[in-house]
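S.K.: One letter stands for each residue in the lines below.
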Amino acid sequence: MRVGIEVGGTFTDLVAVEGGTVLTAKVPSTPASPDLGAMHALDAAGLDPAEIEELVHGSTVATNAVLERKGAAVCLFVTRGTRDLLLLQRHDKHAIYDLRYRKPEPVVARRDVFEIDERMAADGKVLKAPDRAATARLVRQALAEGGYEAAALCFLHAYANPDHERAVAAIIQEAAPALPVTCSSDVTREFREYERASTAALAAYVQPVMAGYVSRFSAALAKRGFAGRFSIMQSNGGRMPAEAMELNAISALFSGPAAGAVGAVRSVAGAGFRDLITLDMGGTSTDVALIADGRPELASMTRIDGLPVKTPVIDIVTVGAGGGSIAWVDDGGLLRVGPHSAGAAPGPACYGRGGDRPTVTDAHLVRGTLRADAFLGGRMAVDPEAARRALEPLAVRFALPLEELADSVVRLAEVSIVRAIQRVSTERGRDPRDYVLVPYGGAGPLHAARVAEDLAIGTVVVPPNAGVLSASGLLLSDHVHYRTRTRRLAVSEASMGAIRETVEALQAEARDYLAALGIEAEADFDRVLEMRYLGQAFEVPVSLSGMDLAHLRAEELARLFGEAHRRVFEFAKPHGDPVEVVSFRVGVRAPPPPMPAMGRAPANGRAPPRSARLTERGEALEAGLLARAELGPDAMTGPLLIDDGSATIYAPPGWTAAADGHGNAILTKGTGP
Amino acid sequence: MKVSPVDQAVITQALTAAADEMGIKLIRSAHSPVVREAQDCSAAILDRKGRVVAQADLIPIQLGSVTHTFRACLEHHPLETLREGDFLVNNDPYSGGQHLPDIFLFSPIFLDGALVGVTATVVHHIDLGGGAPGLNPDAGDVHEEGITFPPSRWSVERDWNGGPFERLVRANVRMPEATIGDINAQFAANAVGGERLKSLCRKFGRDTVFAAMDEMLDYSERRIRAAIAAAPDGSYRGEAWLDDDGRGEDPVPVRALLTIEGDSIAVDFEGTAPQVATNMNSPFASTVSSAIACIKAVLTDPDIPFNEGAERAISVTAPYGCLVNPRPPAPVRARLLPSYRVVNAVMNALAGAVPDRVIAPGFDTTTVSCISHKHDRGYNIYLEIFGGGYGAGPGNDGCDAVDSMLSNCSNIPIEAMESDYPFFRVEDYSLRAASGGGGRQRGGMGFQRIYRILDDGVTFATYGDRFRFAAGGLFGGGPGAKAETLVERGGQRIPLRSKQQFPLSRGDRLIVRTGGGGGYGPAAERNAELAERDRLDGFESNPE
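Residue numbers (the working numbering), protein chains in the order written: chain A, 1 to 673; chain B, 1001 to 1544.
Don't read these hints as lab results, they were simulated from the structure.
Heads up, the beta-carbon is just placed ideally off N, CA and C, and yes, glycines get one too.
Computed footprint of chain A on chain B; a stretch qualifies when at least three of its residues, placed anywhere within it, have a C-beta under 8 Å from a C-beta of chain A:
| id | region |
| --- | --- |
| 1 | 1023-1031 |
| 2 | 1176-1187 |
| 3 | 1400-1411 |
| 4 | 1414-1423 |
| 5 | 1428-1442 |
Based on the sequences and whatever the hints tell you, model everything.
M.R.: Written out as C-alpha cells, the structure reads:
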C-alpha cells in the first residue's frame, strides 16, 4: 500500500492506493503537533501502518517555524566587515510611502553573528585564508556562550570558491560534532551575498525543527509497525527520503503548494493535458502556477515573511483572495475584496462563529452558487440569513439588489485571481489561451470557468479528488534532486567544452547523490542554463532538457537564449551580440509507480436531475443541479452546479460539462455568446 | 459614461499591474548596476490627455516629475501631432525634469490609428558627459553637468538603432554601451506597457478604459481630499537647513508656510534661501514632488494610488530664483539635498497640525558615492546612492540603514561590485551602532562603507549633507549622528567635505559614513525590553 499524507493549515488530507483502489480521508489538522493529525488521518481511513510500503508526507512544519519564529537558535559566521549583512539587507523599502516602515526581521540576531578574518576575490582567488588556531578559538568561545542549536556560514564570493566556508565548517564540527552546520555555498551557488546569507540562515533555522519532527514522526510510525519507505515533499515538486530531508529542511519550505501543483499535473496527464494553469483556492488565499509541457517551472528565488530564499521552488503566485476574504468599501468609495480574511476563525458570517463581516463565501450563499443544504457535501451547517445580514449594508451603499451586490463581490475576488494568473502567464510572455485551467481546493472549481473566460481560456479540467489533490500529488511526485552552480562563461565555440563539462559534472553529482540514498534515477536530466546578454544583471532561464549536448553549437545556444529573452522582454538583440551563461541548474528524477486509472462507469447524462436558482453576472438563472457521479460523457449544458463532496463545480451559461474517461470533469466554453 | 464597479476594479488593477510590469522589465533588462541592482528608475502609464494614471512603486521623486516633463514635451509637440513610432525625450531640469542623468522617455500608444495613452520610463543614466565622470561636484552651471536633451520628439525607426539620436547620445557619454543598453531597456519597458494598454482597450472598448482612467484620477483626489479635510484648518510654519552650499560655511534655510483650508492644502516657500552657485538647487518640479510626497505620506494611507489626481488638492508656490525654484542655468545635480529639506520643512509644519501622524526628522539625505576609473580603453564608473536612518515615529523605532523617503535605491551587492569594478574592494559595510537618536522610540541607524582602492587613476566624487547639522529629535528625542567621509592614506586621515571631488591612489581606504535619524519622545520613557535588546545587540543611541 502507498499512502500520501498532506498536513495543511486547516485540514490533513490522506490518499491511499492499494492495487486498483484509491481511498481518501480528510481530518482537522492539529497545529501544535502536526504528526498527531497525520495519525488521526490514518485511523480515519482505517489503515494499519504495518501494511504501508511507502509513505509520502508533506507538512507546513518548516513554514510555520519561520512564520511563528519558532526555529532553532542559530549562530552565523560571516566574512570580516559584513557582520550586519542580515540587517542591512538591500537598503530598499517594500512600501515606498510608509513613514513607519520596518525591514523584515532576520531569524538570526546581531549578537549571534560572528566575523571570521578571511577573504576571497570575485574570481575565487584566495586573498586571505582563515587562520586555523584563531578561528578555532573564536568558534569555541562563540559556541560556549550562545547555546546554539545550529550554525550557518556565509562568506563573500563563496559561490566562486567555497574552500573557506568548508574549512571553517570543519573547525565548527570539530568543536561541536553534534551541531548541524549549513554552508551558504551548499545551499545555493549564486552571487548576491544578502540573498545567499538569508537562505543559509533560514536553512539552519528550520533544520533542527524539521529533523526533530521527522524523527518523532518516524518513531511513532515505527511503533505502530511501519517499516516501509518514508519520503518528504520539497518546494521543487519532488520528494526526498526522510533521512536526507533531515539535512536539507529548507527545501521543504513550500512543499504544500508544490504538492498541489504536481498533483494537478499528473492527474490530468493521463487525459493528454500537458499545458496547464493550476488554481488552488482555499479559505484565505489562492495559489496559481503555470505548467508548460508537463513540467512545472521553477523560480530561483522566493520570499518567506519578507526574507529571501534562494532555493528552487515551483513558481507559484499567491494572492489574498479566498472564501474568507472580506468585502469592504474604502474611503474613496470603491468596493474592495480582501486582502483581509475572516480565516477559519471567526470565519464567514454564515459559519455562525461570531464573524459578521461579509465574505466571498457569504456572497456565494446569497447569490446561490453555494447552497446551505449542501455545504461541504452537507456535512456543515451554515446560516444563509447571517450571510444576507452581513452583505445588506453594502447593497444599500451601492443601491444594488442584494443578489447583484453578492455577485459583484464574487467577481471582484475573481479579478484578483485573474491578476495572479496574468503574473505567471502574460507577464512572462505566455499566452493563457494556450493552456487549460485546472482548479482544485475547496473553492477553485466554483470560480474556474469565469476566471478562464476572463483570460480567454476555453477549457477547465477538474481532476478527480479535487478536494484532496495535494495528498494525491505526494504519491504522484518523483524523487528529485537539483544541483546549481554559478560559473560565468561567454558563449562561443571555445567555451562549449566548459559548458558541457559543467553540466555533466552536475549531472554526475546529482545522480550519485540519489544513488547513495538507494534511488536509481532516470537517464533524463532537467538542464537549465541561466543566461543573459553581456552587461545585463538578470538572467533568463534556457532549458536544455532532452537535447543532445554533445552536438550543441554555440550559435544554437545563443539562438535559444534569444528566443527565451524575446518571450520575456518582447525583444532580442541582433544575432551575434555577446551572450553569457551565468549559472547552471541540473535536476535528476526517479518517478513513482503509476496511480490506478480513475475511470468511472459512465452515467446517462442528458438533463440534470434537479435545479436551483442563482444570480450570476447580473442575471437570475435556473441552474441544473447534480452530483459529480451523475456527470457522464455526454455534455450537459450550463448553467450547472455539480456537487463534488467538499467542492462545488460551476459551469456558467454558455459552458458545457462532461466526464472524460480519466475521472476528470471537463468544462468547455461554447462558441456562442 | 459610468463604469461598473467590477470593470473599474479590473481596469484599475490591470493598469497598475502594467506599470509594475514595466518597472520589473526595465530593471531586469538594463545594463548598468545603478539600474539593475540599485533600481534608480521608474515607470508610469499616462492617459490619452497626458495625465499620469498609474505608476510602478519605484522612486517617488522621479514619479512626481513624469507629468511635468511630459507637459513640457506637449508644448512643443501637441498630442494631435504625435504619430505611431514616435518617442519623446526630456531630461531638462528647467522643463519639468529632475537632474540631467534622469532621462524621461515617452512612447505614445496607438490603437487603430488613435492615441489611447502614453507609456513612460525614467532611468538614472550612469554618465551623460559633463565635466567629470558620473558626477561633477564642481559644476558652476547645468552645462558643466552634462548634455541636455530638451523636450523633443523623435522617431524610433529613423532616429534610434543606429540613427541620428542614438549616435548623438553615443558621442556625448563616457560609457556608451551601458547608456545605450539602458535606453534600450526603457524602450522595451515602454513597449510592454503599450501592449498591456492596447489589449485592455480591445477587451473593454476604448471609451470604457478612458472613463475608468478618469475615475482613477478622481478616486485618488477624493481620498486625498478626505484625508486633508480630517486635518485641522490653519496656517503652520516649518523650516530646515542644509549644512552649506558646498563651498561656504553658511547654513542654507528652507522655509515652508503650509495652509490647510477645508479639503485643500497650499504650501509656499517664501523666506527660503536664494539659489546657490553650486549644484544644490532643487528644480521646481522636484520641489513640488517632494512637498506632495511628504503630505501624502503623513496624511494618507500608503495604499492610495499616486497619480495626477493626488496633486489636485495641493498647490505649491516658491519665489523664482530661490533654492527650490532656481533660474537657469543654475546647476542642479544634487537637487535631492534641498528636496529633502523641503520634506523636512513641510513635515515640521505638519507637526503643528497633526503631531501624532508625523515622524522625527531622519537622516533624509542622499549621499552619492561615485568612484570612477580611467583606463586604456575608456571609463569604468561606479555610482551608488546611500540613505541612512529614518526618524522614529510615535510607535516605532526608525528604520535602520535604508534609502530615504524620496528615493528607494537598493544597494549594490558587494559580490556584484567586486566583479564589475576591479579597481576597489569593499572592506567593511556595517551599521553605525551608536548613530540612532535616543528616545522613547530610537532613531534609525546610519551605516559605514569602507573601500580599499586597488589601482591608481581613480577619482571619488560625492555630495551629501548633515556633516554639520544632525537630524534633530522630536518631542524630547535626541539627534541622530552626523555623517562623515574620510580617506586613510599612509597612516593619515584626511577628512573630506560633504560635496567634493578627490583623487585616490592605490592603497587608499575611503570611508563613507551616513547619519542616523532623530528619536521620538524622551529616552527615559523607553521600554526596558527594547533597551535590553539593543544592549545585547551592541546598539547604543547617539551619545550627543
